[in-house]
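Build out the structure end to end from the sequences listed, making use of the hints.
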Amino acid sequence: MAQHDAAQHAMTAAGPIRARTDGADRLVEADEALAGLQVRLGGAYPGVIAIPALLALVRKARSTGLSLGAMIAVEDEAQPLSFRAHASAQDDGAHIEITEWRLAAGAWAADGNGPDAIALLRQLAEAHIVLDAEQRVISGLVDGSDLHLLAQAIHQGFGRYWTDLLAVEGSSHHLPLHWRLLDDASVSIEGSVRRWKARLLPLRGGGFEVLLVAETVPPVPASVIPETPQVAMAQPDWKGLLGHNLAPALRVPVNRIVANAETIRTRLAGPIAESYVGYAGDIAEAGRHLLSLVEDLADLETVEDEHFAPAPDHIDLADCARRAAGILGVRAQERSITLALPPESALAPAVGEFRRVLQILLNLIGNAIRYTPGHTTVRIETGFEQGLAWIAVADEGQGISPEQAARVFEKFERLGRSGDGGSGLGLYISRKLARAMGGELSVESAQGGGARFVLCLPADNRAQMSALG
29 MAQHDAAQHA MTAAGPIRAR TDGADRLVEA DEALAGLQVR LGGAYPGVIA
79 IPALLALVRK ARSTGLSLGA MIAVEDEAQP LSFRAHASAQ DDGAHIEITE
129 WRLAAGAWAA DGNGPDAIAL LRQLAEAHIV LDAEQRVISG LVDGSDLHLL
179 AQAIHQGFGR YWTDLLAVEG SSHHLPLHWR LLDDASVSIE GSVRRWKARL
229 LPLRGGGFEV LLVAETVPPV PASVIPETPQ VAMAQPDWKG LLGHNLAPAL
279 RVPVNRIVAN AETIRTRLAG PIAESYVGYA GDIAEAGRHL LSLVEDLADL
329 ETVEDEHFAP APDHIDLADC ARRAAGILGV RAQERSITLA LPPESALAPA
379 VGEFRRVLQI LLNLIGNAIR YTPGHTTVRI ETGFEQGLAW IAVADEGQGI
429 SPEQAARVFE KFERLGRSGD GGSGLGLYIS RKLARAMGGE LSVESAQGGG
479 ARFVLCLPAD NRAQMSALG
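Residue numbering for the sequence shown follows my numbering, starting at 29 and increasing by one per position.
In case anyone wonders, no lab produced these hints; they're calculated from the structure. Values in this document were obtained by computation on a predicted structure and should not be read as measured data. Hints are not guaranteed to be accurate.
Cβ pair distances, simulated, as ranges [as the list claims (entries may be wrong)]:
{"hint": "1", "residue 1": "Glu472", "residue 2": "His317", "range": "25 to 31 Å"}
{"hint": "2", "residue 1": "Glu472", "residue 2": "Ala314", "range": "18 to 24 Å"}
{"hint": "3", "residue 1": "Ser473", "residue 2": "Asp333", "range": "29 to 35 Å"}
{"hint": "4", "residue 1": "Gly51", "residue 2": "Trp207", "range": "41 to 47 Å"}
{"hint": "5", "residue 1": "Thr366", "residue 2": "Gly411", "range": "17 to 23 Å"}
{"hint": "6", "residue 1": "Gly198", "residue 2": "Phe440", "range": "19 to 25 Å"}
{"hint": "7", "residue 1": "Glu313", "residue 2": "Arg383", "range": "43 to 49 Å"}
Cβ coordinates follow ideal geometry from the N, Cα and C atoms, glycine included.
Right, dumping it as structure tokens:
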């Protein structure tokens, strides 16, 4: 009980925590928070300081006669804990004052490299660039609507230093400095009026990942605000308003709402009451739902445009399935659902736009994970039939009746489900995409129960013959 009370006090410590050591670096006086930590780390109270970094700070202060400070991080009963310690020498020992005492996320927030902090950074980032060990560009992915010049530079800049593709503010160096000097640097990007920060994350196998995070929201394009009609009966042209204008402008602020809510939920900003953790989780979930709805409506506008035409490419449906399953693997594990994939040797060459095929499969597999019971299997199979390559996603859920099968691809159709976060547009958009690529998306009852969705695309006959030969 004493340990629990000390931990609770530590979580709520607001004022400075004070302590005193003697000439042998023994903690002889201490406020409850530090005394409790000393005991939980295996030390005695009174006794020699049990926190190595604090002990080193006190000894250095005594030996130099100076007042010294440092940020210290430890693990307190499997929870990261950080605090700022100041030590000043006295005739018979040292005086200690501790501030900024934070449990859980404080130790991560000190350098911004904890798992939750990195996840939030990746969610906020609008550009991801992968570098080799010399900081040369290997690949990149750009989402920002005002970063088309950067996307072009990345595409053409394979092997160049990443600092050649943008301007690091306050530095005239063209060759990259040590990565720690570039981490968290302010950068400007050609074609973008926003301010940006660059975060560099070392990769295990060598090299780095650069995340570009905007510090300001893009201005709303003038075309979004319709001009005052000159004629009383004139109507503004809303075509393309959402997909080309509003969706890019909404993504950044909504992503920031989600990220800030997650910062509160995971206590990265400091300790908060448990009830507020729940409120923050609700805000984050609502933000994700809004973002998903924005994306669905933008896609709806795209696929219903009479000039829409996917860019055909040579793809492998089996490879697309493995990629989609990799993206959704964590969600499946959370519900104890097994994703049974085509074997590594399986090939299903087809002609279609890779990004759109992946979008369809993420929708199909995501729906199967959402609506099938836990502790079941979602099977993904591929094959060929009459000049078509196909991929099927079959679950073990309640199945689908002929009447439901006739309605499931209709716009905003959700088969009576409510409150599950869906928009009723995913399957409608997926079928429109499949047909735009010269294929089809259909549904049937799976053998043994459940639903089986089948995506067919024109087979890549040349690649199929090459694989067979």
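Which earlier hints turn out false for this structure, listed by number in ascending order? Violated hints (numbers, rising): 2, 6, 7; every other hint is consistent with the structure.
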